[in-house]
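Number of protein chains: 2
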Amino acid sequence: MLKNYLVTIAYDGTDYHGWQVQPNGITVQQAVQDGIERILGKRENITGCSRTDAGVHANEFCFNMRTEKELNPFRFVGAMNAVLPDDIAVKNCVEVPYDFHARYDCTGKEYVYKIWNSPQRNPFCNGRYLHYKKEIDVDMLNSQAQYFCGTHDFQGFCAAKSSVEDTVRTVEYCTVTRNDEEVIFKIKADGFLYNMVRIAVGTLLEISEGKIEKDSLPQIIDSLDRAKAGRTAPPHGLYLNRVFYGK
Amino acid sequence: MLKNYLVTIAYDGTDYHGWQVQPNGITVQQAVQDGIERILGKRENITGCSRTDAGVHANEFCFNMRTEKELNPFRFVGAMNAVLPDDIAVKNCVEVPYDFHARYDCTGKEYVYKIWNSPQRNPFCNGRYLHYKKEIDVDMLNSQAQYFCGTHDFQGFCAAKSSVEDTVRTVEYCTVTRNDEEVIFKIKADGFLYNMVRIAVGTLLEISEGKIEKDSLPQIIDSLDRAKAGRTAPPHGLYLNRVFYGK
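Just so you know, the sequences run in chain order A and B.
Everything in the first sequence is counted per my numbering, starting at 34 for the first residue and increasing by one.
Everything in the second sequence is counted per my numbering, starting at 34 for the first residue and increasing by one.
Since the hints were derived computationally from the structure, they do not count as laboratory data.
All of these numbers come straight from a predicted model, not from anything done at the bench.
Treat the hints loosely; a few may be bogus.
Note that identical chains are pooled: a pair holds if it fits in a single copy or bridges any two copies.
Unchecked claim - No farther apart than 27 Å at their CA atoms in a straight line, the calculated lysine-lysine pairs in the DSS-like style are these:
| no. | residue 1 | residue 2 |
| --- | --- | --- |
| 1 | K247 | K124 |
| 2 | K166 | K124 |
| 3 | K247 | K219 |
| 4 | K147 | K124 |
When you get a sec, could you build the whole thing from the sequences and use the hints?
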């Protein structure tokens, strides 16, 4: 009888070519499957809750694994942490119904984007923050970010190479806050288009720089035109922060 | 006319064999001298405020540099940051009297030691925190840490291979605090013996584990016996945090 398990991990994506197995570099999925193979003696297929780009991090990422092996979930977590590289940690494992699917059953995700906002470099922020030297008016940007909330067609906030058909998403909240030199962009939606968070951050930064007009986000969203939105912020500031299932 | 400059830097020590130039690996001093050579066209000698071990970090580290070149200190900071690797940042540069010496004139240093105190691994703490899984009673350890304060002969808290003669140091404060899973050990003294902070942390952890008796620190210190103190905590949790000159 096949069983199905939902596994929660966290990873520092610096040294990986994203989640999904691909030919040109080691990915998180591959490293995790290597670990599973060492423990279960079998290379099980696993299904991630989303793809993440090279260099993107996850404070929380979920995948499901169907296997004929009977697992003790608690021991599986310990065993995986003993064999995985230090930049990937297994946080939890629970049995789920056989038809549970980590991607299709996901009802929402929260991303954070971390900015180190200071003229001074911080050697401890390399690969984990976007270093942004110009001043950011956080209250202004936070009010602009509210335009992302609600249900919109986000086609203009989707990388051109994506081929999704339905580009309508519902953003539940979107905030920009400051903690000393750290500026945090946080967004939750029922789903995200390819590069949607990074383009949203890049667009806000261009509003901050005066390159995109204040209060023009509604028109930019309505235009469905990628060229009207701002640049794509680099991957290393981005973290998948929470993954939601059910209500 | 030779000028003398005091330069403040910060660095992630993960990829370095400590500060001081040595034959078996690249050091921070070397990387900084490489940068200076590129900017001034001359490999100037520089004198650090202390040695740090391989893997130890610095939120603040000072060195002085005597040079016949006339510097614009503000431009020097910018130029250095443009050529240095990402894990070293120059924060400040000021001209100082010719006889100023970064080590001899230092009147105090503050170190912090960072512990990630959780049964769960955190991939973002690799190389920057000691991952310590057992529970820590922070109030108890903080009260034990007070025994380090004051003027003592710390010979028992000095690595055997050190050859310093005067092992008396004055600790101004020593605290253990918690911020969620993060436990921070902080200590300021007029000077530190080789591995003194790491042995102090290792000893407190052994008190936490019941391997060393509570309230026995005064006798351990008085014994001057390295064997009576606890283990040497690993280098990657340690940060030189502040360097003091003058009063």
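Now for the hints, and whether the structure bears them out:
1. K247 / K124: neither (41 Å within a copy, 34 Å between copies)
2. K166 / K124: The answer is between: 14 Å across copies meets 27 Å, while 35 Å in one copy does not.
3. K247 / K219: within (20 Å within a copy, 45 Å between copies)
4. K147 / K124: Classified as both; 22 Å inside a copy, 21 Å across copies.
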